[in-house]
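Peer 1: Chain by chain, the residues run as shown.
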Amino acid sequence: MSEQWRLLKTEDNTAFTNMAIDKAVLVSHSEIKVPPTVRFYTWKPSAISIGYFQSLKEEVDLEMCRKHGVDYVRRITGGGAVFHEHELTYSIVISEDYPQIPKNIMDSYGRICGAIIKGLKELNIDSKYVPINDIIAGNRKISGNAQTRKLGTVLQHGTIIMDVDVEKMFSVLKVPNEKIKDKLISDVKQRVTSIRRILDKNISFNDVAVAMKKGFEKEFNVELVDGELTEEEINLTEKFERECFASENWNFKR
Amino acid sequence: MNFLFLDKMNSKSIYKVPDGKLLKIFLEYNEKNKSIDSIRITGDFFAYPEEAIEIIEKQLVDNKIDRNNLTKKINSIIKENNIEFIGLNSEGLTQGIMMCLK
Numbered sequence: 001m002s003e004q005w006r007l008l009k010t011e012d013n014t015a016f017t018n019m020a021i022d023k024a025v026l027v028s029h030s031e032i033k034v035p036p037t038v039r040f041y042t043w044k045p046s047a048i049s050i051g052y053f054q055s056l057k058e059e060v061d062l063e064m065c066r067k068h069g070v071d072y073v074r075r076i077t078g079g080g081a082v083f084h085e086h087e088l089t090y091s092i093v094i095s096e097d098y099p100q101i102p103k104n105i106m107d108s109y110g111r112i113c114g115a116i117i118k119g120l121k122e123l124n125i126d127s128k129y130v131p132i133n134d135i136i137a138g139n140r141k142i143s144g145n146a147q148t149r150k151l152g153t154v155l156q157h158g159t160i161i162m163d164v165d166v167e168k169m170f171s172v173l174k175v176p177n178e179k180i181k182d183k184l185i186s187d188v189k190q191r192v193t194s195i196r197r198i199l200d201k202n203i204s205f206n207d208v209a210v211a212m213k214k215g216f217e218k219e220f221n222v223e224l225v226d227g228e229l230t231e232e233e234i235n236l237t238e239k240f241e242r243e244c245f246a247s248e249n250w251n252f253k254r
Numbered sequence: 255m256n257f258l259f260l261d262k263m264n265s266k267s268i269y270k271v272p273d274g275k276l277l278k279i280f281l282e283y284n285e286k287n288k289s290i291d292s293i294r295i296t297g298d299f300f301a302y303p304e305e306a307i308e309i310i311e312k313q314l315v316d317n318k319i320d321r322n323n324l325t326k327k328i329n330s331i332i333k334e335n336n337i338e339f340i341g342l343n344s345e346g347l348t349q350g351i352m353m354c355l356k
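Respectively, the protein sequence lines represent chains A and B.
Just so we're aligned: 141 in my numbering is position 141 of the first sequence, and the numbers increase by one with no gaps anywhere.
Count along the second sequence from 1, add 254, and you get the number used in my numbering.
Hint data in this document are derived by calculation from the structure and do not stem from the laboratory.
We treat Cβ as the ideally placed atom computed from N, Cα and C, and that holds for glycine.
There's no promise every hint is true.
Claimed, not checked - Below 20 Å or equal to it, Euclidean Cα-Cα: the simulated DMTMM-like pairs (lysine to aspartate or glutamate) are:
1) K67/A / E231/A
2) K253/A / E282/B
3) K333/B / E304/B
4) K9/A / E231/A
5) K318/B / E285/B
6) K57/A / E282/B
7) K150/A / E334/B
8) K103/A / E338/B
What the hints assert, rightly or not - So the derived label-pair ranges between C-beta atoms look like this:
9) E238/A / E305/B: 22 to 30 Å
10) K318/B / N139/A: 29 to 37 Å
11) E243/A / E308/B: 36 to 44 Å
12) F252/A / D261/B: 25 to 33 Å
13) K318/B / S2/A: 29 to 37 Å
14) E311/B / N221/A: 41 to 49 Å
15) R321/B / H68/A: 23 to 31 Å
16) D97/A / S292/B: 38 to 46 Å
17) N221/A / R321/B: 46 to 54 Å
18) E228/A / L355/B: 25 to 33 Å
19) K318/B / M106/A: 32 to 40 Å
20) I32/A / N336/B: 23 to 31 Å
21) N335/B / S247/A: 25 to 33 Å
22) M106/A / N264/B: 33 to 41 Å
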């Protein structure tokens, strides 16, 4: 019998709650109170998350966010700003000592992205991992990923883009052209794709969740078992949300 | 008029690290001494542990803005604090700082 991990599905949380849950699960797993955990989630309202090192005012058009009702939050992971709207976001929390997780950070990105690639394959989408932290399909980005390691624990979270309103995305994000100068792509908008665009049909969160569950199970040879946050994790989530992710101090700190 | 602050300069650079990420540096420096008064290192790179970026920012204060000096200093902070960068390196960080000089 294969090893069992916990699977959480928590749709429609705010940006602050989502980031607080990931941190709460990380802390809880580091104390060996919960098994390795994979979570699938969405954002309500739509939100931008920025990387730990980014400057909020540099990356985000705050006025347009207010206009569109888009939230914003700083992550505990590095990487770039992401507009979360029609997507499945995943997170995985697992001990650094877990045998299947490479000690080398770049190698572990590749390994965890392997689960996403296998999940996309379930949807008949061919994709590949492109270091440092992207997955591309048809030469365009379909998934961005970011990892941190704290308390001896790996947290990697990332997006799987189901559909994209490119105009809205680039109205709330400030994307300088320097970013893609060396990629020979004249238009920022051409860098991104979505499941809908590739399959030419609408696909639900649940359909993607089923595929991604299989992807993780195949990549790590485990069984993902539906679970819930523990009471302690719920309390931690509320604490992290209040003290950190919903605070201006945190979000504007850089 | 406050003559004490006449030498103070504010500057910003944007630098795409070769094979790496986009670095944005905000720098306050003394134009006369060419030394760092304060620095904020931002961008979409990765650093482990993340909080180490604040150590680098603190320890760069009062350093001369000179390529060799900065690379050496940054390398020593990286080594001392066991920092791992992904999408950024000491040369890239130095280049970003040098580009802030007006």
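Peer 1: Given the hint that K253/A pairs with E282/B, test it: the Cα-Cα distance must not exceed 20 Å.
Peer 2: 17 Å, holds
Peer 1: So if I understand the rule, the pair passes when the alpha-carbon distance is 20 Å or less; does K150/A with E334/B pass?
Peer 2: 19 Å, holds
Peer 1: Against the range 41 to 49 Å, how does the distance between the Cβ atoms of E311/B and N221/A compare: consistent or not?
Peer 2: 43 Å, holds
Peer 1: Do the alpha carbons of K318/B and E285/B lie within 20 Å of each other, as the hint requires?
Peer 2: Within the cut-off at roughly 11 Å; holds.
Peer 1: Take the C-alpha atoms of K333/B and E304/B, compute the straight-line distance between them, and say whether it is at most 20 Å.
Peer 2: It holds: about 15 Å lies between the C-alpha atoms, which stays within 20 Å.
Peer 1: Mind checking the hinted window 25 to 33 Å against the Cβ distance between N335/B and S247/A?
Peer 2: Given about 26 Å between the Cβ atoms, the range holds.
Peer 1: Starting from the hint 23 to 31 Å, judge whether the C-beta atoms of I32/A and N336/B obey it.
Peer 2: Taking Cβ atoms as reference, I32/A and N336/B lie about 25 Å apart, which means the hint holds.
Peer 1: In this structure, is the beta-carbon distance linking E238/A and E305/B contained in 22 to 30 Å?
Peer 2: Hint holds: Cβ distance 23 Å, inside 22 to 30 Å.
Peer 1: Quick one: are R321/B and H68/A within 23 to 31 Å, going by C-beta?
Peer 2: 44 Å, violated
Peer 1: Take a quick look at whether K57/A and E282/B sit within 20 Å of each other, Cα to Cα.
Peer 2: Holds - the C-alpha atoms of E282/B and K57/A are around 18 Å apart, at most 20 Å.
Peer 1: Given a hint of 38 to 46 Å, does the C-beta separation of D97/A and S292/B actually sit inside it?
Peer 2: At roughly 39 Å between Cβ atoms, S292/B and D97/A fall inside 38 to 46 Å, so the hint holds.
Peer 1: Is 29 to 37 Å right for how far apart the beta carbons of K318/B and S2/A are?
Peer 2: 58 Å, violated
Of the numbered hints stated above, those contradicted by the structure are hints 1, 10, 11, 13, 15, 18, listed in ascending order.
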